[in-house]
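Heads up: the sequence lines are chains S and U, in that order. Residues in the first sequence are numbered consecutively from 1, following this note's numbering. Residues in the second sequence are numbered consecutively from 1, following this note's numbering.
For the record, the hints were derived by calculation from the structure and aren't laboratory data. Only true hints are included.
It does not matter which identical chain is used: a pair holds within one copy or between any two.
Calculated cross-link-like contacts (lysine-lysine; reagent style DSBU-like; alpha-carbon spacing at most 30 Å):
id : residue 1 : residue 2
1  : Lys-495   : Lys-186
2  : Lys-186   : Lys-389
3  : Lys-31    : Lys-208
4  : Lys-213   : Lys-249
5  : Lys-122   : Lys-223
6  : Lys-400   : Lys-223
7  : Lys-213   : Lys-31
8  : Lys-8     : Lys-68
9  : Lys-249   : Lys-208
10 : Lys-99    : Lys-31
11 : Lys-31    : Lys-223
12 : Lys-99    : Lys-8
13 : Lys-14    : Lys-99
14 : Lys-168   : Lys-141
15 : Lys-223   : Lys-249
16 : Lys-31    : Lys-14
17 : Lys-249   : Lys-31
18 : Lys-223   : Lys-208
19 : Lys-99    : Lys-9
20 : Lys-134   : Lys-389
Quantities reported herein were computed from a predicted structural model and do not represent experimental measurements.
The residues making up each chain are set out below.
There are 2 protein chains.
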Amino acid sequence: MNKEEMLKKYNDWKFRCSAYEMALSIIGIDKLTVAPPDGSAYRDERTAYLAGELFSIRTDPEIAEILKVLKNDETIDPDIRKEAELNFKSVSDILCIPKEEYVAFRHLSDQAYDAWYEAKTKSDYSIFEPYLKKIIEARKKMYGYRDSALPLYDRMLDDYEPGMTAEKYDEFFGKLKERLVPLIRKVTAAEQVDESFAFRSYPTGLQKAWTEKQLLPYLGFTKNWGYQNETEHPFTSWTCQNDCRTTTKYLENNVMSSIFSTIHETGHAWYEHNISPKYDGSILSSGVSSGMHESQSRFCENYLGRSLPFWEANYESLQKQFPEQLGDVTVEQFVNACNASEPSFVRTEADELTYPLHILIRYEIEKGLFSGEISVEGLDQTWNEMYKKFLGVDVPNAAKGILQDVHWSSGDFGYFPTYALGSAFGAQFYRQMRKEMDVDEALRSGNYLACISWLKEHIHQYGCRYNADEIMRMATGEPFDPEYYIEYLEEKYTKLYHLD
Amino acid sequence: MNKEEMLKKYNDWKFRCSAYEMALSIIGIDKLTVAPPDGSAYRDERTAYLAGELFSIRTDPEIAEILKVLKNDETIDPDIRKEAELNFKSVSDILCIPKEEYVAFRHLSDQAYDAWYEAKTKSDYSIFEPYLKKIIEARKKMYGYRDSALPLYDRMLDDYEPGMTAEKYDEFFGKLKERLVPLIRKVTAAEQVDESFAFRSYPTGLQKAWTEKQLLPYLGFTKNWGYQNETEHPFTSWTCQNDCRTTTKYLENNVMSSIFSTIHETGHAWYEHNISPKYDGSILSSGVSSGMHESQSRFCENYLGRSLPFWEANYESLQKQFPEQLGDVTVEQFVNACNASEPSFVRTEADELTYPLHILIRYEIEKGLFSGEISVEGLDQTWNEMYKKFLGVDVPNAAKGILQDVHWSSGDFGYFPTYALGSAFGAQFYRQMRKEMDVDEALRSGNYLACISWLKEHIHQYGCRYNADEIMRMATGEPFDPEYYIEYLEEKYTKLYHLD
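Throw the hints in and build the complete structure from the sequences for me.
Quick look at the structure:
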């Protein structure tokens, strides 16, 4: 086969993959937002078949051969070479797994999800325990097939954050532990910030109306390329750069919940939307890593969204929407409440300061599970002990403890650590952005898009063209350094809680 | 190949087809409801590819051979035989068309849709005219490939209403013309029914809230198997019997529009939902013809939804939701307004009495276009003349005239007549239902589902297992007779307009 034929086959293959990926993405969004539940069995069976079709297309051995040639061909367009390299890795990682085993794992994870759901509903870890055990065994076996020099858990970590290893995460989390645990103790002992007004009654219809007329326009999230729906667990999904969907959840007794989930999810959406259109439909058209994706959503949510200038532009309108609930609250009081910190036992409700410790706990447990130092039996107790140790809280039950997150039921080990990493990436970008532009003035004057443009120029546009480390160096002139994150939290919380 | 192998291949094929059909259905619903428009080009290109995959699977020549054997095999399950017969027809109808031509037609109809949309927006028929010409030529060619003794237009009519021909429709419409045109003249000359209050200001948020808390529960349309969204043009779509989606449109200055579109669309949804589950995923799991489908939606909308007993169960609640707008209106006045008749030029806004004449006009035009008696050039004028002749109205412009309907842009000729046929089917079912149960009491007491159960038992459950004629005979004991429809309209409007 000559090069032209190879490229033609490769492009056909890319297009076919992207068609099935698009279909599966839309079917997935539909399922999580509006699809009638009684139709699930019918739909799921057919969705699995289409996923199998995609598997077969992706693992075509002829394509694997072509990818091997293209990724090493110095004479072709470097974009294509990069695509081929990433596709080759992704294809190799599944091609080594026997198809029956791959399909069986899909089925097991469906069952494990159901067991987790039942266990969480009944707050009974013992229902989930046997499935968790099977999932871990299956994962060990699947990752074992890979031709890789890395230890098993490192292979998983690398899947979500290429280049990261347990050794590097140990160093990262070691620093967080050392500096944040004492800071959290001081904050807990200090006089608390008043946030009681945030839990008054805010009719959800009014919250939604405000989000649509004020918040989403301010965030620049338009119906031309985005759509916001409502779900129990907010998420972002996309089919291409001009089709990014988010969801949020309105709680009557918590005005902040939907606001910050909206800012967070639209942060993910902006990343996907801003990737260079020339990559659309290719493997490059996607955020480069889980950590980098989370860095963008948390950047919007925390570094921008919880700042005073952000609310100087938006608070008056919110106050007008809720005159009875917020009439007696100043913008400064509101922003302080947005940043109040209190150790708790549910990750998704955690504040900016305690959040990374929730992740640390999950990371320590995952590492222990794969090294054999921690056992699945009694894991609920191990969980509770770690929450007591790092956050000083008593977990009331398994539903609000070990069963709170869905991730492990689908075998997503190695994903959690990227949440903390993303927050830390964000601090370094934030520092650089502030050097290069007047962030506060942009937010205050309603020019949120100026911040998004900075992110687009330095991060978003590249998609997967460069890896996370390269992007960090190009954007900030130096490698990732968690010190900026720790300093940011120390400075912010020392000031907010008058700890000097 | 022995019979067992054949059946296995056939079942695999059925399942594969149903998986692609499900995906295309969900992608289609998504596109028409929430998908961001800037992503259309990307999605449409990939959707077309998946549709092509389905085409290739459906037209597998080996399957055509198997279907030919199965449909004539007296020893197998009659359900499978019926499936094979219908599948064989459907496969043969596309297998005879060269694939390039089939794909080219898809592309042409996309372009024709865009031209129609632009023409309608600018109210300029000349933009659409050349595309309409091409679409008609393409249709003639495509239908010409069929191995059929029927004239071209009859082949189209048969696609939507198997067994119907221009000769039969001529007789049907001839009767309508003869009896309804004079009736409409009398109604127009009589003292008009007051419906002004229906056009007061009804905030759409309140309309939606009422639909969700009162109307949909009354209609038995639940989120377990259905979902209602909002679109510019209401429609119903489904992926399986437990997944039926409808849409509606709320107009601030018309309280009736969304109510009757909701009752209409949920009528379609009930039909699909009530088909026997044993047919799920097969060609039998679908309404038997366009006319029969429309008979069910219009049955719910007109025969049930515009009746006094229906509103005796629902009006108090509507009045409570809109005390200022409806406080001075009695339930009788409201129901009279629901049935007011006035000749107009827009089909979708037409009342029950004038509606069939809108269809008659389209039928006459389609017939003339394919016989060559009517030309595409100047068709806008022909249209206007017919509206003047049959409905006595002056069409103000092309947007509200010839460009009002989307159907022709996608080459759907032969479909319109089923709308009138469906209304007429409905009258015959209604007469029979009233003989067998106390319809008024059921509606009045909130037992709408008793009527739906009758429809399920006599019509819905069969899907495509029996043809429309067989269903009509089984349900009412006699063949279809349009006399019942005409009598129903004469009686109803004579009374409402005091024409005696």
